[in-house]
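Engineer: As a plain string of letters, each chain reads:
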Amino acid sequence: MPELATISVDSDDDLEALIEQSVREKWGDGLPFVPPTAERVERALARIAIDPDHPIGVVQPSGATATVRNVTVNAIMAGCSVSHLPLVFAVTEAICNPLFNLRAIQVTTHPVAVAGFVSGPLGAAFGVNAGGNAFGPGNRANATVGRAIRLVMLNIGGGIPGLVDKATFGSPAKYTWFFAERQEQSPWPSWVERSGAAGDSSTVTVFGAGGFLNLMETTSSADQLLDAFALSMAAPNNNDHLLCGEPLLVLCPEHARVLSSGGYSVADVQRRLWETARLPVRSFTMSARTYRLGPTWTDILGELTEESLIPPSRDPEHIRIVVSGGSGRHSVYVPSTGATPSCSASLDPYAQLLKA
Amino acid sequence: MTLEMLDPRVAPRTDAPAVATPQLVSLIGTPIAVIDNNKPRFDLFVKALLDELRDRHGSEPGLSFRKPNATNSAPAAWYDLIAEQGGAVIVGWGDCGSCSTYSFLDGAELVRRGIPTVVVISEAFTTLISMLAESQGSENVPRLVLPHPPTDLDDQELINLAKERAPEVAALLRGEHSPGSATPDFDSEIG
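Chains as they are written, first to last, in this note's numbering: chain S, 1 to 356; chain C, 1 to 191.
Possibly wrong hints are sitting among the right ones.
Said to hold, decoys possible - Chain S regions said to be covered by chain C (calculated; three or more residues, Cβ under 8 angstroms):
no., region
1, 35-49
2, 103-116
3, 163-169
Honestly, the hints are just simulated from the structure, not real lab data.
By construction, the Cβ of each residue, glycine as well, lies at the ideal position given by its N, Cα and C atoms.
Whenever a hint applies, use it, and build me the whole structure from the sequences.
Structural biologist: Rendered as structure tokens:
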């Protein structure tokens, strides 16, 4: 069993000194944390029915292996309760999927954050907030699971801000971004059902998320609502249009009901937005036309002209839709990086590891 | 009072020991391939660079590939074709985090295949690439480091920069210069 190194601090105010040390040595995110003492970690691992050295995935760009043990250390540090560890393990597996291109997410100048959400009955069972403030404060699972993933990316993946993480601005969402689908308020099949999995199963899904844009609209017309969304999504500096992305639309329950009442299925919403959230080539700079649109879109749309209309994704299905959030007419558009496809991992196997 | 906790960090994986840096004996008659990641105006820079290498060092144009985007590695088939052709390759350019990373990873793979290689990056990303090189066991991948951001230069300035730096590229390909070393005087091979 590989032993983890220890960090010790001698101080009259040991917690304050630890925060300072974590920032100085670049293994913290700047916030206070729960010291993952050997006793705390052993207590947590005793409730997980698997070899602590079980590998979960390879975390890029360092190429180090995430194991149940070292992920647990980071999850405790983030403030997770033991009962949240299955969520952290599943999200870690999802970000380690090579298709996710975590290496690009970790090193890019783009402000991308990892946004994760859970779909299926385990979201509520684990207490993940899908209602008001789903992206905001006040819930331990949302706050700490997302933070644990950031610490995994930092301490196992080596994404040290300034040295490896070269973000021009970064994002507040890089501290944490984790929420749940609000299926009981959705008029449509759940994310997990639409993916082809059994309806009683649960998954976590991660997006390379370039922040989000609030979409406030009070109309009760489904057509007008989608036209307004399409206009908001179409922007010439948007990576989705420049690089053929995978935008995520998180619809609030009230907007979802407007669309459903108007006769729209999820597939209808995707197709309508794919056909209308477009920009003509002439809207883009010459640099973007030459070095982004041409190389990205010619194979998909054919030879481009000034009037060619650029969609945000290669096909309607790649505009992703999920319902979450509380009361109010605010949905959110989450633009992607254009180079980091979303990835999912099954939550059920990890949930079964948790002992009472 | 002493508080002791487990270290949350995990040491990076270090790949197999680096192979010897592949080198050219001479550029004369040598095809120089290009992997262009389509970042703005690398095409202009690398064309001027190839022209200068041909005029001053006697190289020949080689295969040329353009990646559809800069945030993924090139297809392995391109590495194979470049290896089949022989000669050397220039990869670029890295003027952001992800494009520097993937240009470097392309370069590291080409070096592993024994192809003399130069990766073009800008100085804002040298620390990132050095850390990546160390974790990959690829410190020996030759790099041409340009001022950042290179796209601040107008077209003529970029062409001039390419001409000025061509002798350094030739020296890197011949193994006469390594990243971080003092810049020597570089001689033309054909006068």
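Engineer: Within the assertion that chain C covers the region 163-169 of chain S, do at least three residues meet a Cβ-to-Cβ distance smaller than 8 angstroms?
Structural biologist: This one holds; 5 residues, not fewer than the three required, reach chain C with a Cβ under 8 angstroms.
Engineer: Verify the coverage statement for the region 103-116 of chain S against chain C, using a C-beta to C-beta distance below 8 angstroms and requiring 3 or more qualifying residues.
Structural biologist: Coverage by chain C holds for the region 103-116 of chain S (6 residues, Cβ < 8 angstroms).
Engineer: Apply the coverage criterion to the region 35-49 of chain S and chain C: a residue qualifies when its Cβ sits closer than 8 angstroms to a Cβ of the chain, and three qualifying residues are needed.
Structural biologist: Holds: 5 residues of the region 35-49 of chain S have a Cβ under 8 angstroms from chain C.
Of the numbered hints listed earlier, not one is contradicted by the structure.
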